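Asker: Take a look at the letters that make up each chain.
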Amino acid sequence: MLKINNIQTYYGNIQALKDVSLEVKEGEIVTLIGANGAGKTTTLMSICGITPPRTGDITLDGDSITGLSAEKIVQQGIVQVPEGRRIFPDMTVFENLEMGAFLRTNKQLVQQDLNYVMTLFPILEKRKNQLGGTLSGGEQQMLAISRALMARPRVLLLDEPSLGLAPLIIKQIFDIIKQINKESNTTIFLVEQNANQALKLADRGYVMENGAITLVDDADRLLENDDVRKAYLGL
Amino acid sequence: MDYFLELFLGGLTRGSIYALIALGYTMVYGIIQLINFAHGEIYMIGAFVALIVAGICTIYGFAGISVLVLAAIAAIIYASAYGYTLEKIAYRPLRGAPRLSQLISAIGMSIFLQNYVLLAQTPDFLPFPSLIPEFAFMEPVAHIVGSSELVILMTTVITMILLTLLIKKTKIGKAMRATQQDMSMARLVGINVDRIISLTFVIGSALAAIGGVLVASYIGQVNFYIGFLAGVKAFTAAVLGGIGSVPGAVLGGLVLGWTESFAAGYVSSDYEDVFAFGLLVLILILRPAGLLGKARKQKV
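Chains as they are written, first to last, in numbering that gives the first Met the number 0: chain W, 0 to 234; chain V, 0 to 299.
Mixed in with the good hints, there may be bad ones.
Stated by the list, open to error - As a list, the in silico DSBU-like pairs of lysine-lysine whose alpha-carbon atoms are at most 30 Å apart:
(1) W:Lys71 - V:Lys167
(2) V:Lys87 - W:Lys125
(3) V:Lys87 - W:Lys106
(4) W:Lys24 - W:Lys229
(5) V:Lys170 - W:Lys125
(6) W:Lys71 - W:Lys177
(7) W:Lys127 - V:Lys167
(8) V:Lys170 - W:Lys106
(9) V:Lys293 - W:Lys106
(10) W:Lys181 - W:Lys170
(11) W:Lys125 - V:Lys167
(12) W:Lys106 - W:Lys127
(13) W:Lys127 - V:Lys293
(14) V:Lys293 - V:Lys167
(15) W:Lys125 - V:Lys168
It should be emphasised that the hints constitute simulated quantities derived from the structure, not laboratory data.
Remember, it's a predicted structure, so these values are computed and weren't measured experimentally.
Chain V with its partners taken away, still in its complex shape (with noise of 0.2 Å):
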């Protein structure tokens, strides 16, 4: 039983950190229906701008928790710098162009993105330092969950609570739904949309900028690498879960987390792909539009 609920846990632990990034890949799929391919690329320079910012944190002193505040914070002005901007130089010269357009722009950011990190950076895996302490309170459960997965999934819990209060309360969020729903009906009562989908990619890269430093300081080690697979595993949540669902977004992480987790201790951990993919396959055979997808209905 204890197995069976760490395994539980790890696959929510590693789920939470799928939905945060798949949550980028839908709330922007939901806007303009584009695969944001770089979006991988964001969650990595989170990572790598948290490496930096903790070891000058460490340099002057900071320590523990503070550091990890502190480089979390920096990750997330800077991955939404690049988010808003990715948008505005690669996406948004192409609103109204073929689809096929601005899904290669897409790709080309990712493959840009990630050889001007190896080449300004290094191609090595760097470690990254374990920021996460271990709690005392947390001792008697240590053999099934231990801190680090605690401090990722409080962090998840309430960085989903606070985006679904900020989608479902706020005048921004409410207009967010709007634009998604019927984009040009945005515009006519007055909604400035771009400035929406801006907004929508700045939202969407912190996400993937906490998902970055979680995972970092969890696993203790970044390379320029780490976006693609991550990005891949996300979009994979997005797509089982419905992509353009936010809630969706979030039971695709964790159904995604969950096999894999379930699949590497009772079978091996050579599998959890085999599984993941294999589950993405059935699901799309099963509900074409994932989980909480809706199919779209055409008028004609």
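If we strip away everything but chain W, and leave its shape as in the complex, we get (with noise of 0.2 Å):
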């Protein structure tokens, strides 16, 4: 569904992203992991047109996308949660879930999708006025996820849902995301720097260093995969 054939991403002069191909299909999770500055970021920002890369190409259902606007990028229906979450501080969690839907033109099915968020974090529901600044990491991390939803993706990116949250916290997180995944058949593709948990969730997996991929894999044999246990898993 979502294929990224041969990127090569710069930041001025500097080379992020070298040769970087993979693939997510239609219905699967697929994760990333690799270490701090491996390229991992890079690699969404680039899928979203934040960073768009210098040579190769993105292509989604077949049609390239690379070049076009963040904006076009999030209307053919790909999506993301970026690192650190992201709300708007200032603005309450309703407008952030508005913000979320801004292309959007059906309040109808607005209206549903804000309803489908709320009953998977009905603490969102409570908080709905209150100034996005002020909830904590892990409702700050609820909030973001569900601000993507409410653009109904077909591809959602996640970059580092778990950053800095409790791990009873990062159990939810997670199990919402296969709950998304399942039920509304969207596309997954997580970044993640906590392998243990990004694989066990994970039909397949690549490992990024350096810029570059260095394996790919079903999630549950590069768990089991001993390169891979002593770099990311630490055992």
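Relying on the hints, combine the two individually framed chains into one complex.
Answerer: Okay, structure coming up:
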């Protein structure tokens, strides 16, 4: 569904992605794991048009989306939950959700999705009129995921949703990601440093080092892989 | 007491104009962290367009408040177009460039626009027709507050209410706030940030044009240089209130207006600028982020 073919992304003269190719098939959960600075976030930002690749091609259902503006890419159904949640701090929870649905015009469907995210995360209903910046980290992550869902994504990109959260909350978030994948058949591309959790959730995984993909395999096979275990699972 | 009230209302009038112009500085700064030094020139251009249109209208036999309204509408449209173009040619190509380059570009545009009007029009002061009639119902209080002041106050209050509604309630206003709070996140939810920035310039310019028309018809003259002092004062107001904050710009404008008015009334009009800028220094020492400004938290 989403296919990245040999992209190279630069920050000025510094090359952040070296010939990265990967694929996420419809309905899958695919994870990209790697250390700090490996290029995981850059990969997502390249897909979303924030840091467009200098060469290479990104396609959605076979159509190239390379070089499209960020808002066009959202319109195509690729929506990101960025690292650090990036809630609009001085807007209410409700307004944050409204912003998620910025490009949508069908009010009825938006209302439907609003109800859906409120059932996924009932706490948001209670916090509706509170400013985004006053939420706890876990609540912000829930809001960030909900905001993305308000765009009704076909592919949901998640950047380190477990960052800085308590283990119990992480489990809750990962369960919800699974649920979103199952219930609305949303394809999920998950970037994580928490390799263990991510690989347990995902169908397939990619390992990234220094801006390049070094390993691709089924997630459970990666969990058994000696190199992965040593480098990312601390075993 | 009457004298105090007169100074108070005079300060309020003056301050509301400062606030109107300061909003343009603060809204632009809030979104792209740029001090648009050419903003005062937009105000001046607004006043000039109003002068020209008022002249034409008078020839065609319009009179009084209808001329003011027509002149103001023309000024708003014209100034907005200038603001839009300014952003497009002077600031957009420098997006992502070091701040200093953008600042230099802003100062350059300010000098350019001043000299353009100087050449296209005249270096002299031109008389601006008094378009605001004396209302009969204002007669009893005329020694405290004039009809012009009333019109200025009403116009600024209505404008600010509309602006607040726009920012708080409409979808486009919310997108402006989102862009201000986190620009790349705004892009990730599908907001066309470039369009929002253009819109911010257009709105700021429209407000400046309204200010230009009101002041010009209040003071009764315009020239190519009026934007400079008005710009500096409004910029002071924006910093005083906390640059980037919309309510701050309004508060800063009023505080500045009152300071000047009372200083001129109780001390000497020679010293009003001393008090105005003295207050700015004082507030920057005590509250560096301005009255309503938020000190930016930097996470490391």
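Asker: Next, verify each hint and record whether it holds.
Answerer: Hints versus structure:
1. Of the pairs offered as hints, the one joining lysine 71 of chain W and lysine 167 of chain V holds, with about 26 Å between alpha carbons and a cut-off of 30 Å not exceeded.
2. Only pairs whose Cα atoms come within 30 Å are accepted, and lysine 87 of chain V paired with lysine 125 of chain W is rejected, the gap being roughly 43 Å.
3. Between lysine 87 of chain V and lysine 106 of chain W the alpha-carbon distance is near 33 Å, which puts this suggested pair outside the 30 Å criterion.
4. Between lysine 24 of chain W and lysine 229 of chain W, the direct Cα distance comes to roughly 28 Å. Compliance with the 30 Å bound is thereby established for this hinted pair.
5. Taking the CA atoms of lysine 170 of chain V and lysine 125 of chain W, the gap is about 23 Å. The hint holds against a cut of 30 Å.
6. Using a Cα cut-off of 30 Å, the hinted pair lysine 71 of chain W and lysine 177 of chain W holds, with the two alpha carbons roughly 27 Å apart.
7. Between the alpha carbons of lysine 127 of chain W and lysine 167 of chain V the distance comes to roughly 16 Å, so the proposed pair stays at or under 30 Å and holds.
8. Taking the CA atoms of lysine 170 of chain V and lysine 106 of chain W, the gap is about 13 Å. The hint holds against a cut of 30 Å.
9. As the CA atoms of lysine 293 of chain V and lysine 106 of chain W are separated by approximately 35 Å, the hinted pair breaks the 30 Å bound.
10. Between lysine 181 of chain W and lysine 170 of chain W the CA atoms are separated by roughly 17 Å; this keeps the pair inside 30 Å, and the hint holds.
11. Between lysine 125 of chain W and lysine 167 of chain V, the direct Cα distance comes to roughly 21 Å. Compliance with the 30 Å bound is thereby established for this hinted pair.
12. About 18 Å separates the Cα atoms of lysine 106 of chain W and lysine 127 of chain W, which keeps this hinted pair within 30 Å; it holds.
13. Pair hint lysine 127 of chain W plus lysine 293 of chain V holds up; C-alpha atoms about 24 Å apart against a cutoff of 30 Å.
14. For the hint linking lysine 293 of chain V to lysine 167 of chain V, the alpha-carbon distance of about 19 Å falls within 30 Å, and the restraint holds.
15. This hinted pair checks out: lysine 125 of chain W and lysine 168 of chain V have alpha carbons roughly 21 Å apart, not beyond 30 Å.
Hints 2, 3 and 9 from the list above are not met by this structure, while the remaining hints are.
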